[in-house]
Amino acid sequence: MKIKYQILFINLFFLFNLQSQNVCQINYVRTEFWGKIVQRLPYLSKEEKDRSILTRGRDEGFKSKYILTFDSTQSFYTYEEESAAESNYGYSWRKEDYLIYKDFANKRKLSQIEELGKTYLIDETYHRPKWKILNEIKDVAGYICMKAETTDTIKNQKITAWFTDALTLSTGPEEFDGLPGTILELIKNDGDVTITATSVLLPKYPLPLKAPKMKGRKITSFKFNELIQKHIIESIEAQRNPFWSIRY
Amino acid sequence: MRAFLTLLILIAKITSIYSQSNKFNLLGQVVDSSNIPLAFASIYLLESKDSSLLDYTRAEENGSFALKNIPSNNYLLKINYVGYLPLQIKIDPSGSSVNLGKIILKPISKELFEVVIKAAKAPMSIRGDTIEYDASTFKVPAGSTLEDLLRKLPGIEVNQDGSIKSEGRDVTRMTVEGKQFFGGDPKAATKNLPAEGISKVQVFNDVSEEEKLTGIKGNSQDKNMNITLKDDFKKGGFGKITGGIGTEDRAELKGNYNKFNQKEQFSILASGTNTGRNGLSWNDYQDFKGSNSFNWNDDGDFGFSNGGMVRYYFSDEDEDNIETNFFGSSANGFPKKISGGLNYNYDNKKTKFSGTYFYNFDELFSEAIRSQNFLYPDNPYNTFDTAFRTNTKQSHKADLRIEQEFDSLHSIVFKSSISVGGVQNELSGFYTTLLPSDILLSDLSMLTEYDNNILNWQNSIIFRKKFKKKGRSLGVSAAYLLTASDRDSKQNSINNFYNIGLFIDSIAQLNQVLRTENNKSQIKSSIQYVEPIGKRFYIQSFYNYSDRNTDYQRNVFDQFQDSSSINQFLSRTFDNNIDYHRVGTSLRYSYKGTNISLGVAYQDIILKGNFKTGFDTSSTLSTKVSYQTLIPNLSFQIDLKKNRNINFEYSVNLREPSVNDLLPVVDNTNPLFIRLGNPALLPELSHRISGGFRKFDPLNFTNLWLGINYTYNENAFVYSRDIDLKRITSIIPTNITGTQSLWANIDFGFPVIKNKFTLNTGYNLNYNKGFTLINTLKDEITTLGHGFNFRLNLTPVDKFSFFLNGNARFSEQYSELNTSESAKLQNYSSGIELNYKFPYKIFLNSSFNYSQFINKSNSFNESVPLLNISVYKVFLKGDKGEIRLSGYDLFNENLGINQSAWSNVVTQTTTFTLARYFLLSFTYNMRGIKTSLEKNRRGFSMG
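Chain order of the listed sequences is A and B. Here my numbering is used: the first residue of the first sequence is 1, the next is one more, and so on. Here my numbering is used: the first residue of the second sequence is 1001, the next is one more, and so on.
Where hints are given, some of them may not hold.
Derived lysine-lysine pairs resembling BS3-like cross-links, with alpha carbons at most 27 Å apart [claimed, not checked]:
#	chain 1	residue 1	chain 2	residue 2
1	B	K1754	B	K1778
2	A	K215	B	K1535
3	B	K1397	B	K1520
4	B	K1049	A	K49
5	B	K1520	B	K1592
6	A	K213	B	K1641
Source of the hints: derived by calculation from the structure; they are not laboratory data.
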């Protein structure tokens, strides 16, 4: 009798643990240094590029907040809600739709991105990008991270990522992932834009993660990248900064 | 058969050996130096040539791991465990399985770990056993040497005599950027190199690593250190100078020089020109002011949308402004401008300091002809004037701005500026008044000159506090402004009156000397408090206070042959005080691009004035009035999808009368226009509605802009005129309700051929309803204007750009009483700009502008064609030099023409202005001259 209860108790314990998927949350801050971004525009003279940097002086960057929510097999990444009064002098700008959902168990990536005036929904099979693992370590948000590098061939940017193996899901902010751990810091083009984790929350409460509702115009990943590349080429030709209208 | 089978077996064996040697297994066990297993260590399999990640796994609890079925190739295996140096092992495949056995990881020294990684948050680079980290993250006071910096680094000791020990071992050799520094003695480097120039400090444990880097064989007992320095690209200096000389005595000279580093910016600027062109531009302004060019949050007049406190208007003729126009004069006539200054900016994250000194000298000589048609229904008349003017203005201005951040919640901004200067003016004019059919009524010859010395002093301070509760904030501001002016003027005039026919009827003559002292001071202060309610709402409340004082004294002396006496009628003294209080609040909603604000304010204005004529203090007139008004405000700005934006505002503005208009005084300074005051005058209240819609398509570069503005006035100020037979006008201000104005505009731009051919078209509408009171007759005057404009940009290839623009403006003015007379004005202008890039870095800039002014009512028809051509060549190494030959107004037809219709009066002015001249100029730019053609015209550049 006693043994039966013991076995039952142990079974229940395991059942409980299996069903409790702990939902983790990482808060990121995305900082854009427009003075640095402008330096890469080929149609500006040295004088115009210098003027842009010097007028800004000590640039703290333009900051926006994001949240990555994940459990052991899925993650999604989107904006953090901001209150009215703490935004820029009480004025709220409309943020373009941006939600990236990754399902590692089913190898699926679903992105809702608003770019160039339209909201697109990209449904693709997940594939791991080619990362180079380097020899540097540093601390980000309390976790020891290792440096890795890759290239974004669509926007022609050098991507540096700092990932930690203490968090096992191989996800990260924006569309980047595929490292042996979670990416806590992402740097584009040596500092033009940085996305850094400010806090990591590992709550112990069991809460299943639901994939959020995402609407948009269906498009393939290939066509979407083609759209971005075409816009960059046309903007440079028109002597306009392409990143005024697309995400850097 | 047997042979075939043997062959088959042979093939099978060979393929099995082959397939076996195609894949192998990799095994090992991760432990520390005490043989304790490092559980769940991370194992990465990388490509050996570029460290690309191929696969990864985790060790078991006992530290052992196995990577199975790996294709045969060269690899790097990287093993990582928190607190230990990551280890990289070369894998050369041999056989079907590679067993690495016990893999020992070395720990990172505790001190290094705590100080470098945890405390300084510096990235640490590990190559084999060599550790390298960014020493610049360790803070040392300014002026510290490398020795001071080393003392702060973990594991490094610096003794009294300067000798260095790293982790207990002597550092006997130091290299800088891999090279020996003064014989390699560490003390030479540590005592001489400044800490702020150091980028990285490398300490070698492994001799072979050091050899690889520096090529120097080391001693295994001692340690060696290598220092790398910071790039110098964050420091710099640049400058530019342009000089030109031309026909018609024209010349230009402009130069600037800047020096900057990470914290400081210093610039010097000088410019002199008498062409009225190529003055200072927005680019020069940004280069001069640097990080102090734009300060967005310096407005201490808190209100509905961060500003909007009632501004005061001074209609006093003795007012002069010495505020410099940085960008040069675009006035018609013959201008001359000399300006220059220094600017210094210091930015230390918490403290920002800027100081500027600027000198400006402006001179304008102009000769102008003006004709005016006064279309009054019962007594119309015309005037025809010729005036020669020389106007000089000079000022010295110094200003400073200090911004200090005490902590993340408190900050303060202090600004102070002082300018000292003067305005000198000489006017010689001949004014004739004629009845219709050119019958001469009167003429006035006038010669006036004045010299005004002015001092302006402005100080303001804004204190901002953010509270712990996010969104709650407090702002307090205070300001003190002072303007003092001292004016000496001489006036001589002869006024002749005629009766029908050329008969001299009466002569009035004035020879006067005037001395005017005008002192104005203002103290103002405001408070603003913002309280958030939930995530989407907040309440903004404010209180404004202002106290303004004016002290004015004018003494007029009549000059006779050998004596002068004070003219009691024209001399006067007055002082006034305007006290202003406003308290208001608004509720605001801001969420996901929608911003709505609804508010109300209560305003109290008290006007006090005292007036006395001459020196006699016995007869003093005083006035005191106060107005209390409740003012509503409603606005919204919404950001919609697809880059659309819509905004709307309803606001009420109160304009109080000037004290001069309130005092019951007769002012006959100008013999043709006598002003009287009206103590019963009420303030003007305007209701204003404005709205706009904007859409921009970033994919196609099309844009649409709509705007509308409507104002309705209650008790608008209208100057009632009584004109006598001699056409001397007496003016008295009154209030009339019902004046309105409407302005609407639509602009649409789209590409015809993307990036090669774009078109922009626009239309605007102007409607105005006003009233005139002439000899007690009330007339309603309606003005209706239409404007059409278009712009064409043609940039088919990089070598060629063509811009064409056209503008047409039609305006008509109708009078209710005088239906026969209506003013019909038409202004046309069109312009072409053509730029071409020839080989050998030769460029052509040319522009042609054609303007035409037509007045259908009096057959005025003038046109001005302006053709400017300049050819230039860029030369010198690095494109630093430019030589340019320019010709302006090649048809020699330049004239400054202006025509307008307002309140039943049509005015046409023609000013003679600088016409054809040629200029040869040379430019040297340290940063190189731009050698590509512009496709768009930009204002100030922020990139």
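We went through each hint and held it up to the structure:
1. At roughly 56 Å between alpha-carbon atoms, B:K1754 and B:K1778 are farther apart than 27 Å, so this suggested pair is violated.
2. Restraint check for A:K215 and B:K1535: the C-alpha separation of about 25 Å stays at or below 27 Å, so the hint holds.
3. The straight-line distance between the Cα atoms of B:K1397 and B:K1520 is roughly 19 Å, inside the 27 Å bound, and the hint therefore holds.
4. With a C-alpha separation of about 37 Å, the suggested pairing of B:K1049 with A:K49 is violated against the 27 Å cut-off.
5. For the given pair, B:K1520 sits about 46 Å from B:K1592 by alpha-carbon distance, which is inconsistent with the 27 Å threshold.
6. A C-alpha spacing of about 19 Å is found between A:K213 and B:K1641, which places the hinted pair at or below 27 Å, so the restraint holds.
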